[in-house]
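Engineer: Residue-level listing of the chains:
Number of protein chains: 2
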Amino acid sequence: MSTAVNPVSLDALLSHRGKLAPSAGMSDPRNSAGYISFIYGFPDTETLPNDTVLEATAKALAADPEWALQYGKTTGEARLIFVLLDKLKRDQGITASHDNMMLTAGSSQAIQLLLDLLIDPGDAVIAEAPTFLGFIDTLAVSGARLVGVPVDEEGIEVDVVEQRLIELREQGVRPKFIYCISNFQNPSGNSTTLERRKRLIALAQEFGTLIVEDDAYHDLRFSGERIPPIYALDDSGSTIYLGTLSKIMGPGMRIGWIVAAPAIIAKLAGLKSDGGTNIFGAHVAAAWVPAHLDAHIETLKRVYSTRRDLMLAALDEHMPDGATWTRPDGGFFIWVTLPQAIDTDRMLAQARERGVEYLPGVTCFTGGVGTNMLRLSFSFAKDEQIDEGIRLLADVVRSEMLETAR
Amino acid sequence: MSTAVNPVSLDALLSHRGKLAPSAGMSDPRNSAGYISFIYGFPDTETLPNDTVLEATAKALAADPEWALQYGKTTGEARLIFVLLDKLKRDQGITASHDNMMLTAGSSQAIQLLLDLLIDPGDAVIAEAPTFLGFIDTLAVSGARLVGVPVDEEGIEVDVVEQRLIELREQGVRPKFIYCISNFQNPSGNSTTLERRKRLIALAQEFGTLIVEDDAYHDLRFSGERIPPIYALDDSGSTIYLGTLSKIMGPGMRIGWIVAAPAIIAKLAGLKSDGGTNIFGAHVAAAWVPAHLDAHIETLKRVYSTRRDLMLAALDEHMPDGATWTRPDGGFFIWVTLPQAIDTDRMLAQARERGVEYLPGVTCFTGGVGTNMLRLSFSFAKDEQIDEGIRLLADVVRSEMLETAR
Chain A
2 MSTAVNPVSL DALLSHRGKL APSAGMSDPR NSAGYISFIY GFPDTETLPN DTVLEATAKA
62 LAADPEWALQ YGKTTGEARL IFVLLDKLKR DQGITASHDN MMLTAGSSQA IQLLLDLLID
122 PGDAVIAEAP TFLGFIDTLA VSGARLVGVP VDEEGIEVDV VEQRLIELRE QGVRPKFIYC
182 ISNFQNPSGN STTLERRKRL IALAQEFGTL IVEDDAYHDL RFSGERIPPI YALDDSGSTI
242 YLGTLSKIMG PGMRIGWIVA APAIIAKLAG LKSDGGTNIF GAHVAAAWVP AHLDAHIETL
302 KRVYSTRRDL MLAALDEHMP DGATWTRPDG GFFIWVTLPQ AIDTDRMLAQ ARERGVEYLP
362 GVTCFTGGVG TNMLRLSFSF AKDEQIDEGI RLLADVVRSE MLETAR
Chain B
2 MSTAVNPVSL DALLSHRGKL APSAGMSDPR NSAGYISFIY GFPDTETLPN DTVLEATAKA
62 LAADPEWALQ YGKTTGEARL IFVLLDKLKR DQGITASHDN MMLTAGSSQA IQLLLDLLID
122 PGDAVIAEAP TFLGFIDTLA VSGARLVGVP VDEEGIEVDV VEQRLIELRE QGVRPKFIYC
182 ISNFQNPSGN STTLERRKRL IALAQEFGTL IVEDDAYHDL RFSGERIPPI YALDDSGSTI
242 YLGTLSKIMG PGMRIGWIVA APAIIAKLAG LKSDGGTNIF GAHVAAAWVP AHLDAHIETL
302 KRVYSTRRDL MLAALDEHMP DGATWTRPDG GFFIWVTLPQ AIDTDRMLAQ ARERGVEYLP
362 GVTCFTGGVG TNMLRLSFSF AKDEQIDEGI RLLADVVRSE MLETAR
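Chains as they are written, first to last, in the working numbering: chain A, 2 to 407; chain B, 2 to 407.
Any given hint might turn out to be false.
To be verified - Residues from chain B shown here face chain A by an in silico Cβ test under 8 Å; the list is partial:
#1 S16
#2 R18
#3 S24
#4 L49
#5 E67
#6 Y72
#7 K74
#8 T75
#9 A106
#10 S274
#11 N279
#12 G282
#13 I298
#14 E299
Note that these hints are calculated values from the structure, not bench results.
No residue lacks a Cβ here, since even glycine has one placed at the ideal position from N, Cα and C.
Next up, chain A with everything else stripped away, as it sits in the complex (with noise of 0.2 Å):
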């Protein structure tokens, strides 16, 4: 039935998680149609390999005619786990094997099954301020307090990030790991260098705990040198790393993976109870990857580039003086630091009217700050509706200063 005549009272049946998580709206992401859209980190339409993801599931299901539609693996497919350590051998410099690796339903599963592993109510996480709102939302149900440490055109601030370590030893507190996106960091567009990466795991090392590293952006590099990831620099075993298809095949397969040592897969194996990943999804993977991945993210490289530059260009042709904006080597977005008075949170419904819209600052920070910032992200916009949307976005930012100023 589908309302409640007389129900049980489910507040009174809540969990501590169950009280703390939202009660969830029904939000379609194809609700932004009307828009110029630089709110979401979505890939690009027309990019998405339809043609080529159906010729890898007539071959994927002539492969393995017995299994593709079967039970599998708690830790995922194996045919596409070879084929991903493989890649990561080859593309990312990572050493490792079968026992190391976890598919898991995008990043976001990783990150939902790491905070069971390793969060109880009350604990402590250090990640980038800002960093991934996905991330700031499943650590908020989790109840774990998140320290911030700030982000520079060098990445994460390493000093910042001993300075919190000391602070929270002296509280007694260990923090149970440090979350950094490593590479074209969302939501700062800026990446984390060599010499900061070394430093982070002699830190993580020294303070004993573990470093989570997304790498979801890794392969959308268009400028600048290609960096190590954390993982493969790390030969002590307390990084964990994330990855995913979502952003070099497409979200709609909801597939990620973990790398991490095997005793650590072992316990993630112990919490996951989804039955394995996506197995009929992973089996089209496995058939798709080795055939079409490089040329697809050659064909990415070169329409996100192309949009990082026009988005650029009109940035510094239409945004008023006193607006400042990263210059990311690669990935999604771009981040915007307005005046201080102005309130991105509050601008948005002026934004939209005027048929554009980005994500708001705050929601990448916790604890209310980052009200004058907002992300950009150029992946979803067509080409044609960047120069547009931008000029737009000024017009707003520019009355807005007017406003405040007065």
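Please arrange chain B on chain A, whose structure you already have, making use of the hints.
Structural biologist: Positioned in the frame of chain A, the structure of chain B alone reads:
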């Protein structure tokens, strides 16, 4: 790196839940290939709908090329939700709308989400004993206490449910929910009668708790009258209904669903952090279900009812006196009870030596009971293996009886 040189001590960083989780092995269902396997609740290999899934994939990618591989809604792809709502209305007699439903990675993820929503360590849950081993394992990691209620040929023994509810109330404990597999229960094969379903609803209302109805086998009835789901009988909004495509399309799709009051779905959406269940697969299923589900279910009923009949005939013919078993009207399972002295867990090695395997009963209970019981799955073995497999098993049972009678 695959080896830890100087690893951070994982134990010191684990959460309460992380400590409860087992270190899971990399067990692979394909390892059963050498046996006549009555162990797994797997669908028959040859009926897996590879050809029509490929057809549906082409249709799905053409029907929604912009969104089939894109990010989707937390509660799941709407195309599939609407298709399933129609199916549930027609076949299950369940009237529900979009905000009553969420897609999940099989029933397994649905169970995990419900435990996340409701369970703190030490909480009590009532379930049939024996019950689904995946439920027992997931519940153990949540730290909940399982209060078992026997099952007979009319299903869950509601008088005992009442007794347990009274006892718990006397201890000041309100159980978080009653878990009931209403049709062709895993592992007993028995269904709960209409009368008992109504009584269960009244008891849940009286004692202020929820019912979680797991109806994974609903569509696989070979004989007897269809019984309305508890969900359809409960106008109070206190029943949560779980279903899955695993047994009627393919487990590799990893698609199941929860139907519940909108307030419960909204809270579950706040806990679900995996970016929406298998968006690509959901688009494929949305194309497949309307075109192929009905015919496929008819095929499956033919295949499985034949196997049930073969297995019952083989048990009648080969099993020694002192063994009894259930005669299910549908589903995948027959439950066998042997003389008390026989330990089916220990006996499994001998059975495997003869080339046949089954699920020891102890895995379907908590507290080490059910040692003289075992579950036979007739879904996955070939027709021509069944008589032979039961004959081999009966030989092992007979020699165990002689052994233990000494």
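Engineer: With reference to the structure, classify each hint as holding or not holding.
Structural biologist: Checked hints:
1. S16: 5 Å, holds
2. R18: 6 Å, holds
3. S24: Since chain A brings a Cβ to about 4 Å from S24 of chain B, closer than 8 Å, the hint holds.
4. L49: The hint holds - L49 of chain B has a Cβ within 8 Å of chain A, the shortest such distance being about 4 Å.
5. E67: 5 Å, holds
6. Y72: 4 Å, holds
7. K74: 5 Å, holds
8. T75: Holds: closest Cβ of chain A sits about 6 Å from T75 of chain B, inside 8 Å.
9. A106: 4 Å, holds
10. S274: Check passed: Cβ of S274 of chain B comes within 5 Å of chain A, closer than 8 Å.
11. N279: It holds, given that the least Cβ distance between N279 of chain B and chain A is near 5 Å, below 8 Å.
12. G282: Holds - the Cβ of G282 of chain B comes within 8 Å of chain A, reaching about 6 Å at its closest.
13. I298: 15 Å, violated
14. E299: 18 Å, violated
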